[in-house]
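So the chains spell out like this:
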Amino acid sequence: MHRDNKNSNRSRWQKIKNNLPYITLICCLPSLFSSPVAAVDFHGYLRSGIGGTQGGGDQACFRAQGAGAKYRLGNECETYAEIQLGQELYKEGEKRFYVDSMIAYVSNQENDWEELTGDNGAKSSLRQMYVIGENVLDSFPGANIWAGKRYYQRHDVHINDYYYWDVSGPGAGIENIDVGFGELSLAWLRNTENDYQAKGGSSGTNVANDTFDIRLSDLAINENGKLELGLDYGRANLNTEQDDKDFDDNKGYLFTVQHTQSNWFGGYNKLALQYATDGMIGTGHNQSRDTSDGKMFRIVNQGVIELTENLEGMYVGIYEKKDLDNNQGQTWMSAGIRPVYKWNDVMSTALEVGYDRVKPQASGAETVDLTKVTLAQQWSAGRSFWARPVIRAFATYARWDGDDYNAASESIETGEDSGLTFGVQVEAWW
Amino acid sequence: MDPKIYYRFFRYFSVFFVLTVATICRADIDNWTATWPTPSAISQQQANEGLAASVVCCQQLAGLLYQTLEPGKQLQIEINLDSPSYSFESGKSFFAAYKLPENANSLTITLYSIAGKTVFKPTVMLMDSQFRVTRLLRGNDFQYRPAKGFKGDSLDGQFRVDRSLPGNPLNETYMVLYTTEADRQGETTLLHPAKAYALARHNQPPAIPDPVAKHSAVGVLQLRIAQENKSFGERADYVPPAVVYPSAAPAPVSTPALPETQDYYQQAIKQALAKGDMAKALRLAEEGERAGVQGIRRFLLERIQPKP
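Top to bottom, those sequences are chains Z and E. Residue numbering for the first sequence follows the numbering used here, beginning at 1 and increasing consecutively. Residue numbering for the second sequence follows the numbering used here, beginning at 1 and increasing consecutively.
Bear in mind the hints are in silico, worked out from the structure with no lab data behind them. Warning: the hint list may mix true and false statements.
Result set (DSS-like, lysine-lysine): computed pairs, CA atoms no more than 30 Å apart in a straight line [stated by the list, open to error]: (1) E:Lys195 / Z:Lys123; (2) Z:Lys91 / E:Lys195; (3) E:Lys148 / Z:Lys95; (4) E:Lys148 / Z:Lys123; (5) E:Lys195 / Z:Lys95; (6) Z:Lys149 / E:Lys73; (7) E:Lys148 / Z:Lys91; (8) E:Lys117 / E:Lys73.
On a predicted model such as this, the values are computed, not experimentally measured, just so you know.
Full structure from sequences and hints, please.
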């Protein structure tokens with residue numbers, strides 16, 4: 001009897017072992033379907049689809065030359081995905097350690113089999129890999145310490161995919177220190193410029209740029225309004241050899257003041273003012289190589305409002321002036337709206353109108369502009385502006401001055417002034 | 001072939017394709033919306049007033065109207081101002097009551113209480129076949145899970161109903177969904193969709209307050225009832241039912257029989273004993289007991305006990 005039991009136990013184990021891959025799969029499946037208790041947190045993003053251009057050819061995407069962004073509805077030509085897996089490692093009382101990871105994939109959506117080798121734009125990238133410790137410092141209750149590669153408190157405009165304050169990268173820091181009237185965050189982050197060649201040097205070396213980021217957020221200054229102040233100091237971190245060879249080590253500051261107003265026409269408004277000098281001209285990372293000395297001023301005002309129960313939309317206005325000592329600066333102005341009319345909980349019609357204008361600093365250089373209009377019929381899970389996944393069938397029309405440049409990514413001949421594209425796209429986040 | 005013809009074909013085909021997809025999707029909209037219900041549009045105050053004005057349907061749990069549930073079904077439950085109400089120990093509440101499938105495999109029941117401007121914070125009462133309470137699921141058994149994929153904002157809970165001993169009268173047979181007076185005072189803070197986007201993209205969420213769903217006396221729930229499709233013997237993950245019977249009452253006492261009935265059984269037993277038909281006398285005693293004849297067993301025992 002005893003022996004039989006043993007045998008049956010063994011054969012049962014054999015059965016389990018043989019089926020281990022399936023068992024693993026089955027165990028993982030619930031985490032994909034928002035089960036009440038999930039051991040691994042699965043977050044992610046994807047967009048993909050298919051489109052064409054009037055006159056034949058693959059879908060063209062339109063962007064004004066020199067502009068920091070393009071309006072995205074019906075104007076995205078690639079497949080992009082982010083897969084995030086995170087898990088709690090430790091928890092005792094309020095103390096908690098959490099590991100997070102993210103791999104990003106991009107391809108030109110041309111084939112079934114697109115190897116992520118870097119050819120034809122198909123790539124994968126290790127974007128996040130970090131651990132955050134919450135409440136682990138007894139002297140700073142509520143504060144988090146973290147280290148690793150990370151998206152760090154990024155601020156974006158959704159409808160043109162523009163990240164105006166983004167210092168993401170490898171780093172370490174302490175977040176959300178309660179200072180009574182707000183929260184203080186400190187971080188040290190890195191970006192590196194590859195194959196930097198010194199004057200007269202033959203081979204390139206990498207130059208590490210450091211950014212020190214200080215933010216004071218959650219300042220209540222008016223009813224339903226919050227203010228955030230940010231200071232980023234960036235500089236090149238040269239080694240002795242680079243120092244000896246007199247590498248450029250551009251440094252600079254980026255100041256940010258940001259105000260968020262909630263209870264604003266059924267949504268919110270977010271206004272950011274930024275001023276940057278020299279190496280920090282840009283969106284957060286220090287550049288030693290490409291940027292000349294100078295200064296930059298930027299205003300980004302955006303919001304999502306709900307005018308009626310069936311009409312919701314996002315708007316943005318951007319003004320960015322780069323005044324560089326080498327006369328290569330520019331002024332970029334951008335305005336866009338995306339109203340969405342909801343027919344019911346699932347179907348909506350979205351219209352996106354975007355205008356970009358780039359005026360080079362150098363006298364004599366042509367000012368370019370681009371207007372893009374997209375009409376899309378959307379089917380989404382829920383009726384919010386933010387409801388995803390969404391499947392949209394779209395038609396996009398863009399207009400620019402073909403004598404100056406070609407705004408289209410493909411399928412439109414140089415010299416043409418306009419383009420019409422159509423297609424179906426899916427966008428999801430979870 | 002001239003590639004231009006191909007392009008032209010592609011152009012017309014694409015337009016045709018988009019239009020077809022649009023038409024099909026339009027026709028299918030009703031099915032799509034049916035998958036995830038819309039939250040209740042009744043305000044918290046209206047619901048409270050409606051509850052106060054409603055007349056309690058019954059005096060006993062056994063008297064509620066129990067609807068039959070079929071396994072494998074997805075059910076949309078609307079608890080509204082027309083729903084029946086009952087005075088539970090935790091306070092008066094609108095309810096929905098169900099009889100669970102008896103001749104089924106063990107069941108996994110998932111309940112989503114759809115959150116919008118208001119939400120129904122559910123309590124689930126499970127009872128055995130004799131209406132004795134076996135479990136009360138409430139509080140943390142239902143947790144807020146933000147909208148994700150095709151699931152909207154909701155309070156979610158999942159539990160298992162064991163059917164490994166078919167026909168056992170202690171099997172959980174009845175289920176009542178209601179809410180408590182204490183729960184109706186509370187509220188659930190939802191995740192703002194703009195913040196959900198920021199979390200998914202790992203951006204800094206906008207500094208705006210989250211929407212709040214007030215707990216209401218009415219609401220919309222979705223119930224999914226799945227039957228385990230393995231036989232008892234195949235299941236390696238068998239866990240005995242986590243059922244305790246804290247309030248297991250004695251078996252219900254049936255109403256006493258009429259004196260005429262009592263006389264009838266007593267006479268019949270006497271006659272059977274006189275004929276020496278012991279088996280018949282015993283059957284009569286059992287039958288009389290079921291019919292509510294008091295002391296009929298003692299009556300029989302007294303007559304068959306050898307006198308000292």
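Checked hints:
1. E:Lys195 / Z:Lys123: Within the cut-off at roughly 28 Å; holds.
2. Z:Lys91 / E:Lys195: holds (25 Å)
3. E:Lys148 / Z:Lys95: It holds: about 27 Å lies between the C-alpha atoms, which stays within 30 Å.
4. E:Lys148 / Z:Lys123: Answer holds: Lys148 of chain E to Lys123 of chain Z is near 27 Å, not above 30 Å.
5. E:Lys195 / Z:Lys95: holds (24 Å)
6. Z:Lys149 / E:Lys73: Not satisfied, since the Cα-Cα distance of roughly 46 Å exceeds 30 Å.
7. E:Lys148 / Z:Lys91: With Cα atoms ~25 Å apart, Lys148 of chain E and Lys91 of chain Z stay inside 30 Å; holds.
8. E:Lys117 / E:Lys73: Since the Cα atoms of Lys117 of chain E and Lys73 of chain E sit roughly 27 Å apart, the hinted pair holds (cutoff 30 Å).
In this structure, only the earlier hint numbered 6 is contradicted, and the remaining ones agree with it.
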